[in-house]
Amino acid sequence: MATRRSGEQMISLSIDGRAVQVLPGATIWEAARLLGIGLPVLCHDPRLEPVGVCRLCLVEVGEPKLTAACVRGAEDGMEVRTSSERLEACRRGLVELLLSDYPVDASDRPKTGSDALVELAAELGVDWPARRWSGETGEAPGSRTEPAGGIPAGDGRALDGTSKVIFVDHQACILCDRCIRGCDDLQVNEVMGRTGKGYQTSIAFDLDVPMGESTCVSCGECEKVCPTGALSLVGWEGPPNDAAGSGDVGWEVL
Amino acid sequence: MRLIRELEGLQAERGCLDEASLRELSSRLGVPLYRLEGLVSFYPHFRTEPAPPVTISVCRDMSCHLAGPEHVADALREELGGTEGLAVEEASCLGCCELAPAARVNGHPCQLQDSAELASSMAGGDPGLGGDERDEREWKSDPYGEAERYGVLRAALESPSPTDEAERIVDALQESGLRGMGGAGFPTGLKWKLVRGEEARPKYVVCNADESEPGTFKDRVIMEELPHLVVEGIALGAFVVGAEKGIIYLRHEYGRAKAALEAELDRARVAGLLGSGVLGSDFSLEIEIFVSPGGYILGEETALLEALEDRRGEPRNKPPFPGQVGLRGRPTLMNNVETLALVPGILRRGVPWWQSAGRDGHAGLKFISVSGHVEKPGVYEIPTGTAVAELIELAGGVSGGRALKAFAPGGASSNFLPADHADVPIDFATIEERGSMMGSGALVVVAEGTPLLPLAANVVRFFRNESCGKCVPCRLGTQKATEMIEATLESGVPLDWSVIRKLNLLLGETSICGLGYVALNPLISVAEHWPEEVPGCSAEAPE
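Heads up: the sequence lines are chains L and P, in that order. Numbering-wise (my numbering), the first sequence opens with residue 13 and increments by one. Numbering-wise (my numbering), the second sequence opens with residue 2 and increments by one.
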């Protein structure tokens, strides 16, 4: 977050009834963080330009429509509410929508971070049958989906194991665009983007070639910023200090 | 604009954008491959494989759904199966709903029943069908005899004080009550005033001619028949806000409109109405046409701007609005074709004329696209306040002498209303009071005997097909709702109405843009007025 320069006019707003001052250009999400209010996010990361696509950080600002705190600038006199029945219903519903397409065993994949979607589902009390992959059913890991909140389950997205370093599970991708911004903006490798449109959209490498055949340099940034089991490390058993030692970080919260 | 035009040019030259061509373009322009992939896969106009010599594009959307049997494209494919060099594809609303069921053969609009014959006539090479014979119509919105055109612009430029003149125009538009005719209905005078008040330079004027809402084709007719009013409207907007650059963002199916606009721009240039120092004044203006690479979502104003900036047409988070931060981050006045075309008439004849042009206290004139089950579908210019029932009579009545069952007053995204609302006067507020909206001014008429759940499914499927995929609720919500409705249609299993209501809540409350907000409206309105046709819907008020 920007630091204060002398002479710059501060913006005063209130969040959940608490007053806060921020520099011009700060977002509502940043202002909330100053107050220790953590808004749920899947697509946002403070190192990346916000895109406001997961919609989980929506807040009420007294306008007819909800607004995404990660992209909306703080304004003088704004009165922000970060929780209400309406917001909770929306957040739960969004998580259910994502889970209805999410492999039930995605959290088995070795990650350098936790599976933020599965954690958030647990936090919001969304009933969804996360499980370990057993191999007994003959299904590939990361392919089985279940309905969530009555929303029918999807399936059929591809797995891409062509890279020696990173495994891509498109079914577990929530299109938060973090990997894309990590690849193109943070590392300036300029390999990743979106391909397709609507429900057919997916992340892609170069001209939508398998990751292992792309110009990817295996820097690992995409895996590091990925909040779900979509991008995971190949042949890695999990962090050494993980008590379970199985690499299923994020599983414990269930 | 440059990159998309490069892709268009390359495709025209090579027949398609294959891998080799894209790699070549990437290294020539220094643009990463992923950006080209993002564009080529997003816009329907781009293809990565060569097109066969003849392609029949069959419209699958609302008005054509009402006019034709299910799965017409499949039937046609079967009928013509094996014809060498011929492909049949389904397409989203083609913007020629008066031809429903409509198709295009190599870009030429026609009725579906004529498409096979047209296709075989093209097999030996495109005969370049002109098809330009059409009755000259008189439009009340045109205040000019041919020699008087651009009179308002001329008068404004001759004014000794351009500042006073610009403010007078803003005042007149505000007093007239003119609202945006693209769907959102934002007050036009206020928009012009806000953009005029912005300090950043340069500013831009964009004419949104990406009309793609199923049932809507009035802008196409206005551009074809009244292009001088569109060009003058853009020029007046530029004069008022202080812009020197205008862009007409045109959907790529509108070839005739493009030709008419190009001819008009040429005439205006020759007459000194465009270019540097218009008519010897300090005001300069260039207007160019940008042909959209396709997709309904580009009609959303910020998606349109993204396309103009060579990105995927995904709507931006708002605020800021285009009036403050628009094209290339600059203040941008964006208006719909009809809105701009109405401006010269209002200023020429005065606000009292405009206010008296409507009926029963409603102000102004309105272009309405009438399609669906009527005898004479087409574009009608009516006094605002005309009743829906009267407009249906103007259009020859409900087709086949049937009774009226339902109508959508504002295109695919407007709620269906039952026949007993046909007395509603056509105006923004009056239609809203009945629980629907004016939208893009597209009256879609549904005759008695038409099942409404398949029609609602058709509309929800359209929004699923046209969702850009940027935000979670719209990308997933439209797909899940479509799957649920299709399962009900196929097997009769009741819809889980609590889940439909939840999806509607998510789409309405959490989507980034209007496509998501409205996606389930038609279904919800069918459930509200005809619950017996929607298995599983509950009597509870939809959220």
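No lab work stands behind these hints, which were simulated from the structure alone. Mixed in with the good hints there might be a few duds.
Claimed, not checked - To spell it out: a stretch of chain P is covered by chain L in this simulated footprint if at least three of its residues, at any positions, have a beta carbon under 8 angstroms from a beta carbon of chain L; those stretches are:
1. 78-89
2. 211-224
3. 441-452
4. 464-472
5. 475-482
6. 508-520
Cβ atoms here follow ideal geometry from the backbone N, Cα and C, with glycine treated the same way.
Here's how the hints hold up against the structure:
Here's how the region 78-89 of chain P fares: 0 of its residues keep a CB closer than 8 angstroms to some CB of chain L, so the rule of at least three is not met and the hint is violated. A count of 0 residues in the region 211-224 of chain P with a Cβ less than 8 angstroms from any Cβ of chain L is obtained; the coverage claim is therefore unmet, three being the minimum. With 0 residues bearing a CB less than 8 angstroms from a CB of chain L, the region 441-452 of chain P misses the requirement of three and the coverage assertion fails. Taking a C-beta to C-beta cut-off of 8 angstroms, the region 464-472 of chain P contributes 8 residues in contact with chain L, enough for the three needed, and the coverage statement holds.
Counting residues of the region 475-482 of chain P whose beta carbon lies closer than 8 angstroms to any beta carbon of chain L gives 6, which reaches the threshold of three, so the coverage claim holds. With 4 residues having a beta carbon nearer than 8 angstroms to a beta carbon of chain L, the region 508-520 of chain P meets the requirement of three or more and the stated coverage holds.
Hint violations for this structure: numbers 1, 2 and 3, all remaining hints satisfied.
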